[in-house]
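S.K.: Assembly of the complex is requested from the two constituent chains, each provided in isolation within its own frame, with the hints serving as guidance.
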Amino acid sequence: MSEHERWTHRLTEYVDGDLSPTDREAFERHADGCAACREAVEEIRTVVAAARAMGPVEPPRDLWPGIERVVSRRLPGAVERSVIRLPTAPRRVPEPVAPSGRRLLSTPQLAAAAVLLVMASVAGTLALGPGLAAPDDGVPVAPSAVRAVSTGDGSAPGANPELAQDVADLEAALSEARDRLDPNTVRILEKNLAVIERAIVESRQALALDPENEYLRQHLDRAVERKRDYLEEATSIAAWSS
Amino acid sequence: MTPFLLAVALALGPAPGDTVVDVRRGDRLVVENFSGSLVVRGWDQDRLEVRGEPGDRAEVALTRSGSELTLRPSSRRGRGREVDAVVRVPRWMELQIGGREVEVSVSQVEGGVSVRNVEGDIDVSASRGPVRIRSVDGEVRVTDVEGRVEARSQGDDVTLIRVVGDVDVESGSGDLLLQDVDAASLRAETLDGDVRFDGPIRRSGRYEISVHDGDAMVAIPRDAGLAMEVATFDGEFMSEFPIMLQRYRGGRSFSFTLGDGSASMKIQVFDGEIQLRARR
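Protein chains in written order, with the working numbering: chain A, 1 to 242; chain B, 243 to 522.
Here chain B stands alone, though its shape is the one from the complex (with noise of 0.2 Å):
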């Protein structure tokens, strides 16, 4: 339907400062299909840079549809070979990164963004959010991000550092770590590994932990109010709070109430050990 604007073939070579394109509040920018490696930085200008690291030959092509720009391997000579790009956006540019085989690391951008791949380690950082991030095989780092952040890595581990912003993380064998995340609404879920979560509770907040073979450690505030369910399988319960159990639920399954209870949190292990922590 829109006519394509622009299409650039870029030869990303030695030379320095190869394409830069004007762009306007309201694009974004798609990166499809990328192998290699991507590293994406925000700065203040309207533009859109695109550098190639020297000695790659490999050529990507950047289209205009409408809004959205596409940066993709060219059919001829880039597909299936890997590239080395480093692309600054401007900070509000809305951000949508998918490929096979592709490190992406992403920072100091606040219009959103998405990545995609099947393998190779994800970062965003220093960024405003909603971050969304999809890996089958890599690992994922996020870390001083505001906003909602939702990642998920099959085959490895997904790490937050101070994120402030409602979470959803899982994994299927790799660690969750959640390390001063700050949430109103967290769910964490891996299927063969351990949960590690360090922040403050919000009131009314709701957290979710789930772990089929693993622990999870919980460290929260010594004057936290929280709703408790807690559930195992085969596995053991340690607090370093003292609790009054007030239902037990069958089973392993039991509830007891922190402080004034005015948020809710479930951790659910099959196999492994609960830890209720105080914050440090």
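The following block holds chain A by itself, in its conformation from the complex (with noise of 0.2 Å):
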């Protein structure tokens, strides 16, 4: 992996101010001389500006009563398989794009995923109304809170403190042992702490636009606690395989 690769995915680390002090100013010799990545990042705070112009969106009322009249009236068994198909939002997380030499972020997919999130709350809003009671249509549930990101406070939500820097030491500690590793080794290792970085990069995102989401929460914490088992494991693979 180039040096440049090896930034990429850590982009939005270095926007959330994520990155230990060493990892940053390592990022920053890197940006000096690599447009590319100083481009990036300028698009990944500018999308974060904009979702916070947006303001805050207003939680929609209580629905839980509607929902619970609709699910109850299935009880008496007249319907066998019942379906509660929860908001059908469109997909709010971008595709993060893992592999090397890309950027994980696209500002236009990040940009329409919180301007149609925004919408899709308030569709959900009004679909609650008089025409709800369908029982086999499903029960549409608008999010209870459903806010702008709002990451530009420079704390990620959901960031243990204790636990990134876990994970820095080990990723580190991985970085040293590398050149002992059999390179096949190293392949595998770096395909598999992608798809830990994609899920960590998701649930943040997540959160961001849901902060009060107490599972987005414990979803994302236990994502970097994956990530730091997964690095302890990587280095103790290093330990005895080389």
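Wrong hints could be hidden among the right ones.
[To be verified] Quick list of in silico lysine to any residue cross-link-like pairs, SDA-like style, CA-CA up to 25 Å:
#1 B:K508 to B:A368
#2 A:K191 to B:D436
#3 A:K191 to B:E381
#4 B:K508 to A:K191
Quick caveat, the hints were computed from the structure, so don't treat them as lab data.
Here the structure is a predicted model, which is why all the values come from computation and not from measurement.
M.R.: Quick look at the structure:
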């Protein structure tokens, strides 16, 4: 993996202020000579600023009583296979592009996703009017609280400083051990690490959209724990297989 | 501290019955740094036998230190070369197997198995646990095992069939298939793949399924007693069971109870479908 490829996976961490001081300094040294990385960072910052400018979206009214009415009606066994169709907002998490040399985020994708999310929230609220109680149509549920992205304070949502430090330390240890590893092993480790990275990025973006969502917070924490565990495993492999 | 009591260099070749050594109850076998394929079978003898595949001229060394027998490629000719070996061990013997690129098949053992590799499929069958498997990029398959099973493959599928015992399985980018798994405690987690669980529900059992990008399909008995918690970020929930939601937790998280609710199940899918079905 080239120096440039190494950083393309970590641009959002840089923008979010999640890099360790050492990594931050190293990235900035790289970015000084890399126009592509500088441009990507600017695009990410533009998206965050645009999302912040949209302002907060008021949560819709409490929808639970409506859900309960509809679901309860199905209980006596009239419908054997009940379906609760949860909100079908357009996919809000832009697909990160993992392969080397490309950016993880695309400005149009993310900006469009943010706008669509707000529209979906409003649409969900409207859909829960008089026409709601059609048992076989499922129950659309608007999110109880949807807010615009708010990562502008520099602290990434869900970030656990101790965990982040563990991850940074392990990344450094693995980087040192890299040369001792079989090239095929390195390829496998990096491929799997990219899957975890993608999950972290998607979880972080989701939590930025819905910061009060406890499930998303736990999900992000768990994804970062997975990364730490995997890095531990990888450094351990470096020790016993080299 | 303990002197080497036995050091046997084995030139794994075409001759059958390459090496047989006596072992005593309590001995354990450690296989280190293997690359190639390793087949381990339990038998009703207190002896350990190592055989090579015909034509394989790599060398391995078997050494003893206290109650630990270690099998590893010999430093002179075997290291870095692929070895195909078949090992017979007493059923009671504990096994600890490690290698970089090695396919492992273990069956008919009862002393506990631990396998760790980087690449290569791992298969454990017809055995008693505990079974502990960690693979970076190999497919893991555990069938007809009684006892706790802990299995992780970062890059491939994990399949458990007819397992009785607590289960803890993980994958990074593979599916988790848990068929006829009877566990009082079960945790299944994958980042990029599906989870399929089909099994009975124990009273007071605890079941946790987590998927980042994929579907969770859970088949349980019609009379199961479960306190269910379901959460998703961008997905759907489908149930063959009539349900009465009990608590809306905000976002797309809610809970409900089936039967007496004596056991608990948590299903979390970030982006995918949750299906709750009745066992056929």
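S.K.: Each hint needs a verdict: does it hold in this structure or not?
M.R.: Hint check results:
no. : hint             : verdict
1   : B:K508 to B:A368 : violated, 30 Å
2   : A:K191 to B:D436 : holds, 19 Å
3   : A:K191 to B:E381 : holds, 16 Å
4   : B:K508 to A:K191 : violated, 29 Å
Hint compliance for this structure: hints 1, 4 are broken, all remaining hints hold.
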